[in-house]
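Colleague: So you can see what is in the structure, the chains are spelled out below.
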Amino acid sequence: MAADTAPRTLRVSSGVADLAEVRRFVRESVAAFGGSARVADDLVQAVDEATCNVLLHGYGYGDEPGEVEIEATLRGRRIEIRLLDRGVPFDPTAAPAADTTRPPVATRPGGMGMGIHLLRTMTDEVRHHVRPGGGNELTLVRSIDDPAKED
Amino acid sequence: MALTIDVDHLGGSPSITVVALDGELDASNYERVIDVVRSAYAQGARGLVIDMAKLTFMASSGLFALHSALRIMRGETPPDPEMGWSALHQVAQDHDSSAATVRLAAAQEAIARVLERTGMTSLFGVDATREDAVAALRGA
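Taken in order, these protein sequences are the chains called A and B. Note that our numbering gives residue 147 to position 147 of the first sequence, counting from 1, and the numbers run on in steps of one. To get our numbering, take the position in the second sequence, counting from 1, and add 151.
Nothing false has been slipped in among the hints.
Only part of the chain A face toward chain B is listed, based on derived beta-carbon distances under 7 Å:
| hint | residue |
| --- | --- |
| 1 | V16 |
| 2 | A17 |
| 3 | L19 |
| 4 | D41 |
| 5 | D48 |
| 6 | E49 |
| 7 | C52 |
| 8 | M114 |
| 9 | G115 |
| 10 | L118 |
| 11 | T121 |
Restraint-style ranges between C-beta atoms, simulated for each label pair:
| hint | chain 1 | residue 1 | chain 2 | residue 2 | range |
| --- | --- | --- | --- | --- | --- |
| 12 | B | G174 | A | D4 | 30 to 36 Å |
| 13 | B | S273 | A | G133 | 40 to 46 Å |
| 14 | B | R183 | A | P89 | 29 to 35 Å |
| 15 | B | L161 | A | V130 | 52 to 58 Å |
| 16 | A | T5 | B | K205 | 30 to 36 Å |
| 17 | B | E267 | A | S14 | 30 to 36 Å |
| 18 | A | R75 | B | R183 | 37 to 43 Å |
| 19 | B | E267 | A | D4 | 29 to 35 Å |
| 20 | B | L161 | A | R75 | 48 to 54 Å |
Since the hints were made in silico from the structure, they are not lab data. All C-beta atoms, glycine included, are put in the ideal place defined by N, C-alpha and C.
When you get a sec, could you build the whole thing from the sequences and use the hints?
Modeller: Below, the structure written as structure tokens:
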């Protein structure tokens with residue numbers, strides 16, 4: 001389906017200090033598409049978790065963070081947010097999520113699987129592809145009409 | 152938006168510290184929250200209130216910080232050696248780890264949703280206001 005709006009794009013490359021800018025970009029995009037604050041809350045959470053994964057782990061521990069390109073588009077009544085990177089292939093749709101019925105045990109952020117769990121529960125659909133030439137294309141989809149998505 | 156952390160040592164028995172978070176808690180600043188809690192425990196705090204009234208966003212790294220705070224207050228996590236590990240170990244042994252020592256106060260709707268969806272509310276006392284949380288720790 002063709003996009004109903006021109007895609008909005010943001011590139012970040014400085015690491016976790018960029019996350020505030022990413023969240024602002026997502027919130028502004030959802031507002032520009034006519035989405036509610038609740039839809040924005042869910043997508044901000046999901047995109048923060050996904051971007052953080054790439055910035056912290058996608059380009060290897062201790063290395064300079066690589067670039068992440070984020071593209072927000074409204075297609076029909078669905079908001080799609082696509083993250084493109086050239087990091088290590090990682091598919092969050094296949095990664096183990098947190099068992100939230102048990103107390104978490106973790107010695108580092110990410111060790112609880114909470115980020116993956118939030119990324120999945122705050123969206124309607126998550127798609128992952130390995131890009132030609134390396135890196136990831138991760139697409140997070142959320143209905144713009146669903147004001148109160150529940151688990 | 153950055154994160155501002157305001158620490159208020161109330162003292163009393165048990166000694167209570169209130170940590171108020173203002174802004175966004177994410178992967179760029181969660182370690183500061185852990186450091187503040189570690190420091191409060193080292194100074195004798197045995198009850199902790201995390202006041203979330205002005206917290207507008209919390210990532211999963213923030214959940215990790217909360218979980219770390221719980222472990223620190225239970226005396227489970229080896230504290231930063233620079234804080235004086237042996238002194239800390241001694242007080243940790245006197246501590247009743249079964250008591251609910253960390254309470255989360257005044258979480259906004261989006262934050263409360265994240266806490267609920269991740270099952271974290273079962274680990275903490277949850278209160279509508281900072282005052283309610285302090286009263287609960289005092290056993291009032």
